[in-house]
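**Q** Spelled out, the chains give:
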Amino acid sequence: MTILATITLDNLCMQYGSNGSRYTALSDVNLTINEGNFISLIGPSGCGKSTIIDIVSGLKTPTTGSVLIDQEPVSGPGTDRGTVFQDYSLFPWMTAFENICFAIEHTGGSHTRAEIEKQADEYLNLVGLIKFRNAYPNTLSGGMRQRVSIARMFSMNPKVFLMDEPFGALDSLNRIYMQDLLLNLWSEGERHKTVLFVTHDVDEALLLSDKIAVMTPSPGRIKEVIDVPFLRPRCRKSLGATAEYLALKSHLLSVLYCEMMGEIAQQERNFRGLA
Amino acid sequence: MTEKIPRTAITVYLLLAVALAVQVLVPGSPRQAASDASAFFGVLVLLAVLFTAGLVGCKKNTRAVTDIFIVIAVILLLWEVLLGKLSLLDPLLFPGPAQVFQVFVSDWQLMLYGAVGSLGIMVIGYGLALALAIPLGLYIGWRRRLFDVAYPIAKAVSPIPPTVYLPYAIVLLPTFASASVFLIFIGAFWPILVGTIYGVFAVDHRIINSARTLGLSDYQMVRRILLPGAMPSIFSGSMISLIMAFISITVAEMIAATSGLGWYIEYNHQFANYDKVIAGMILIGLVVIAVMFLFDRIQQYCLRWQQAE
Numbered sequence: 001m002t003i004l005a006t007i008t009l010d011n012l013c014m015q016y017g018s019n020g021s022r023y024t025a026l027s028d029v030n031l032t033i034n035e036g037n038f039i040s041l042i043g044p045s046g047c048g049k050s051t052i053i054d055i056v057s058g059l060k061t062p063t064t065g066s067v068l069i070d071q072e073p074v075s076g077p078g079t080d081r082g083t084v085f086q087d088y089s090l091f092p093w094m095t096a097f098e099n100i101c102f103a104i105e106h107t108g109g110s111h112t113r114a115e116i117e118k119q120a121d122e123y124l125n126l127v128g129l130i131k132f133r134n135a136y137p138n139t140l141s142g143g144m145r146q147r148v149s150i151a152r153m154f155s156m157n158p159k160v161f162l163m164d165e166p167f168g169a170l171d172s173l174n175r176i177y178m179q180d181l182l183l184n185l186w187s188e189g190e191r192h193k194t195v196l197f198v199t200h201d202v203d204e205a206l207l208l209s210d211k212i213a214v215m216t217p218s219p220g221r222i223k224e225v226i227d228v229p230f231l232r233p234r235c236r237k238s239l240g241a242t243a244e245y246l247a248l249k250s251h252l253l254s255v256l257y258c259e260m261m262g263e264i265a266q267q268e269r270n271f272r273g274l275a
Numbered sequence: 001m002t003e004k005i006p007r008t009a010i011t012v013y014l015l016l017a018v019a020l021a022v023q024v025l026v027p028g029s030p031r032q033a034a035s036d037a038s039a040f041f042g043v044l045v046l047l048a049v050l051f052t053a054g055l056v057g058c059k060k061n062t063r064a065v066t067d068i069f070i071v072i073a074v075i076l077l078l079w080e081v082l083l084g085k086l087s088l089l090d091p092l093l094f095p096g097p098a099q100v101f102q103v104f105v106s107d108w109q110l111m112l113y114g115a116v117g118s119l120g121i122m123v124i125g126y127g128l129a130l131a132l133a134i135p136l137g138l139y140i141g142w143r144r145r146l147f148d149v150a151y152p153i154a155k156a157v158s159p160i161p162p163t164v165y166l167p168y169a170i171v172l173l174p175t176f177a178s179a180s181v182f183l184i185f186i187g188a189f190w191p192i193l194v195g196t197i198y199g200v201f202a203v204d205h206r207i208i209n210s211a212r213t214l215g216l217s218d219y220q221m222v223r224r225i226l227l228p229g230a231m232p233s234i235f236s237g238s239m240i241s242l243i244m245a246f247i248s249i250t251v252a253e254m255i256a257a258t259s260g261l262g263w264y265i266e267y268n269h270q271f272a273n274y275d276k277v278i279a280g281m282i283l284i285g286l287v288v289i290a291v292m293f294l295f296d297r298i299q300q301y302c303l304r305w306q307q308a309e
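Quick mapping for you: the protein sequence lines, in order, are chains A and B.
Going by the working numbering, the first residue of the first sequence is number 1, and it counts up by one from there.
Going by the working numbering, the first residue of the second sequence is number 1, and it counts up by one from there.
Please keep in mind that the hints were generated in silico from the structure rather than gathered at the bench.
Computed from a predicted model, the values in this text were never measured in an experiment.
Any given hint could turn out to be false.
[To be verified] Cβ-to-Cβ under 7 Å is the rule here; a few derived chain B residues that face chain A: (1) Asp204; (2) Leu214; (3) Gly215.
By construction, the Cβ of each residue, glycine as well, lies at the ideal position given by its N, Cα and C atoms.
Take the sequences, apply the hints, and build the full model.
**A** What follows is the structure, encoded as structure tokens:
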């Protein structure tokens, strides 16, 4: 059994711009993700969800505060975190197979070429794309590209998984398929890792997560963290019908709805200010 | 399964046959210098063979291949009838095809030598430009501060016609070959540099972020991400450079060389051998077509990932 990692967001603040026009993207974000937990960040667009992913992955440095993975502060990008973005995770000039090999090569372990290739094929097989191993990303559908991205993330065997709206650009049927695929892959032994997942889809968050952190915009902060108590393995059909699920969903929606109305009112006020 | 050959394909053979018949049966104009027409026959037969090969080898595009060959055959036929047989224009300035193609037989050594010499100089100059401009462009594109300085300068300098450097090149460099190499290099360098810088800059930042999450070294970042990402733009810059290089070498040879394709035209022009001038023009055209074809193939291979099915 591998040792699972924890992620701690410690007083994260993120400000853009110079003194004159300061924009606060994140303010006092605190969150602890326990070993092997799946946590979703949910909130309206512009609430800083993606900024948190960027900070945890090391692409951005917070203005103040820090991110700890297993109590080690994050100081830059690294292969101990596997990241999947909404799109553009893959390099268009490499085939699906080459993309995965390229990622494995950079994980730092000492692999022979044959080992890398075997592993890449194994993961392509897991996401059902072994037939497309030599296809370039441009020739694949959006859903297939995300399957390759997820295969790449798993193949890197990182400590934690970071996913920034990985299914946001997919149609709803494809999204359902991908959610089930992700759950299936993630549930099993070696591939079970600590996950930070960004979404704006309430059902997606409820199906996948152990906890849901609801965020509010301007400045981005975590408003509340909700436990999702359903037992795993979860079944989409039976889950959606339980009273508990519906209660949680309606609670989440009402919180998000309030936020959104507030945000729209704010935007209107700003607009009048301009007019 | 045999692909249906378009009916117009027969037109090509017909046109070529008519051109042949006209040459053989119609007596030549007395004003056209009497010449051996066997080279022209050869060209007509060669075209027929090439066309057949094109039909067989390029099944997807039989229509386009046919149309191109119809144009070529019509031009040859009109040339033969109007200039070769009827001598509608001054035969000294506008010789018929039989006379022009005969030059390829009599002067082939000189022409081959010229073509090889010109191409050799081009390969060196162009190769140097590629070897220097691409790495430099990658580095400049990657370093924002260098970019802010270098890109405006490169953009301002790149449209200057390289031939303006010719006087200095000839004075300062010891041999004509080295001066030409320099000229081609300087002409090809800027468009490739601008293309590379622009290409690096145009790589989607989301792809660069994805690459950064893999913890790449600087070298890996440049070699595996920026270079392929910038490749489409590098190719468009290189294409402009290639055209520039052809213009530069031809002009340089016309002015100062003692061999080469440009020199061949200029030299024969001085002796009023216009059949050889036209033959030289055709030869340059053929060389350019061949080089462009090669360039196209390399580009298609390198950018194969861009073509969505």
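**Q** Each hint needs a verdict: does it hold in this structure or not?
**A** Each hint tested on the structure:
At its closest, the beta carbon of B/Asp204 sits 6 Å from a beta carbon of chain A; the interface hint therefore holds under the 7 Å criterion. Hint on B/Leu214 holds. Least Cβ distance to chain A is approximately 5 Å, under the 7 Å limit. With its C-beta approaching chain A no nearer than about 5 Å, B/Gly215 sits inside the 7 Å limit, and its interface hint holds.
Figure legend: structure checked against the earlier numbered hints; every hint is met.
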